[in-house]
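Here's the letter readout for the chains.
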Amino acid sequence: MNQRKKVLLSWTALVAASLLSSQPSLANDELSKMSKDPKQWVMQSGDYANQRYSPLKQITTANVKELRPVWTFSTGVLRGHEGGPLIVGDVMYVHTPFPNVVYALDLNNQGRILWKYEPKQDPSVIPVMCCDTVNRGVAYGDGKIILNQADANVVALDAKTGKELWKVANGDPKKGETMTGAPVVVKDKVLVGISGGEFGVQGRMTAYNLKDGSVAWKAYSVGPDDQILFDPQKTTSLGKPVGANSSLSTWQGDQWKTGGGATWGWTAYDPQLNLIYYGSGNPSTWNPKQRPGDNKWSMTIFARDADTGIAKWVYQMTPHDEWDYDGVNEMILADIKVKGTPVKALVHFDRNGFAYTMNRETGELLVAEKYDPAVNWATHVDMKTGRPEVVAQYSTDHNGEDHNTKGVCPAALGSKDQQPAAYSPETGLFYVPTNHVCMDYEPFKVSYTAGQPYVGATLSMFPPKGETHLGNFIAWDASSGKIVWSNKETFSVWSGALTTAGGVAFYGTLEGYLKAVDMKTGKELYKFKTPSGIIGNVTSYEHGGKQYIAVLSGVGGWAGIGMAAGLGGDSEGLGAVGAYKQLANYTQLGGVLTVFALP
Amino acid sequence: MPKRLALTAAITLMALPLCVAAGAAGAADGSAPTAAKAAEAKPYKVEGGKVDPGTYNGYRRYGESCMRCHGPDGAGSSYAPDLTDSLKHMDYDAFAETVINGRKNVNTANNNVMPSFGTTEDVANYLDDIYGYLKARSDGALGRGRPQRIGD
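Chains as they are written, first to last, in UniProt numbering: chain X, 1 to 599; chain R, 1 to 152.
Only true hints are included.
Keeping only pairs whose Cα atoms sit at most 25 Å apart, straight-line, the calculated SDA-like set for lysine to any residue is:
| id | chain 1 | residue 1 | chain 2 | residue 2 |
| --- | --- | --- | --- | --- |
| 1 | R | Lys50 | X | Glu401 |
| 2 | X | Lys120 | R | Asn110 |
| 3 | X | Lys163 | X | Gly76 |
Simulated from the structure, these hints should not be mistaken for lab results. The structure displayed is predicted, hence computed values, not measured ones.
For reference, chain X alone in the conformation it holds in the complex (with noise of 0.2 Å):
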């Protein structure tokens, strides 16, 4: 077993290397320390649990309607804004989509701007990402800003004068590899992920030390053992040991290599147990029939040690995928009761339809319900198996190529995208932005070619059979798996949300709508037009003893791919049903950022 030994080996190299490189850092402390301060926010979703909640609580439910803009700022980019921006001590940092330029902005000073920062890139890149040219943001630790960009080269910008410090190519444009998601620090590392399941990359995290951008690991999604950073013993699903070549063995041939399973979405850290959790993409292609097998480790939840990246747990959602339900959406860590006993879970809203609530530590299954009732490919998940049930009517791998399998539920889009939902330790629930939508899914057959898209299949989409409404707003308890409130929206909502312990939730529109909602009933309590379609996530902050409310509106992203038409229908389905309402005719482009306070 020639390749067990090299597995064992290189793993044994990887633990070595991280035992002398793993003294505390200052850098994490400072970083724990600040994401606990609730007048910053120091990371994208908050803090490391990813739960977007706010403790500040001078907007209340019965004040919230007093809430008005206080001052704004265009970003100068038209291309649609997703992420937010970050606070730090007096200090703002604003990202765009490409060009991804970091604006630094003066709290203290009307928000002024202290540094601006535009990389040089080829616009070459523009064309080779999938859907719009987002950005989910930047992160900050050690003193650096680090900014993803778009042709896949990271960069540590000093955060007082933003001067580069260093600068890695994280992947190659030329065959598809770009970079859309946001930074994680955690201890002396920046985690990174790559974007490109369209063009058949080999998906991966990639951990670079932060104080000079070198490689401290890297753990592919799909490939050999040595490739993915699995203990065929220690690694486990479900509870059992993964076995060696537990990928290797779900495809087809050489077919990892171009096999996706791209690592865009957010990232969470657990410091008590040391193990970040990230989700995997979808396969190469979108055609199930040109790769038999399960497809392993795409669509598939991480747990991995943040020190040496070594896979502790993994569980794949949807094996074979058939219909580009990515699972990088992010994973909430919460301290809960699932049925009555108190857990350290994960939850996980999949573009699936099914919310995964699981037990952090060992990976096990507690709790898999779809979050939207049109939900329809599968019936149920298998809580033995991990698997869910596909409804033979709505497998297109079933139905097969050049074949139109008809009124999927959900849309290749998701029940959810990567809009992170966030969640309240004083209700004990989440509130998840959510898509409403179905499709028609018509797989055929595609040959590879590096940087060309690597699809195979033609979707249309429209609401479910009778509805008009292609999102909703909801209220989820991840014990019993049960909708608590739904509220419905007219478009997909495409923002993250943001808890308070003033009991008041937000999120954005498509149509450009801040809302404000009682976190108990659903009841909406305040909204505000901003400039744009949010797709952004809403923050919260404290400067000069005020609370803040602080998000990016500028339409685009998938979202922007109906924008112009509406969505189309089905021949039958259409007119019926009141589909078109152009997104166009309520909001247009541009990237601004809109920052509320009460009077």
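Once you have looked at the hints, place chain R on chain X.
For chain R alone, kept in the frame of chain X given last:
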């Protein structure tokens, strides 16, 4: 707008037969009087809402290579133009030139890049089908969604 005339040798070889095939459509958009124009052969066939194999192929190739930017049914997105509108003004040659060579519109206000498909076989080999499909959409001869094939 200055038209980029240079086509690479490989592209010319691929594009030439297509130009000939669609010549009728190109001319029809030119100076022909309206009555004559209506009688000209269309680059697509739509019968009772159903389409010929070429137009169907165009729909599918469009879905594979163009939809992620130009939106469902050619109707445009927040970052690429509505092609059902473009083809009201663009003839086949201008269409082919744009798709084969691509176009960059990158400046302080815009970051728009139309990729070049000259060496992408799935597009270059079926340019006339894609054009036919989009032209049918542009003329209003074909509605939204997946068209049915004649004989389906």
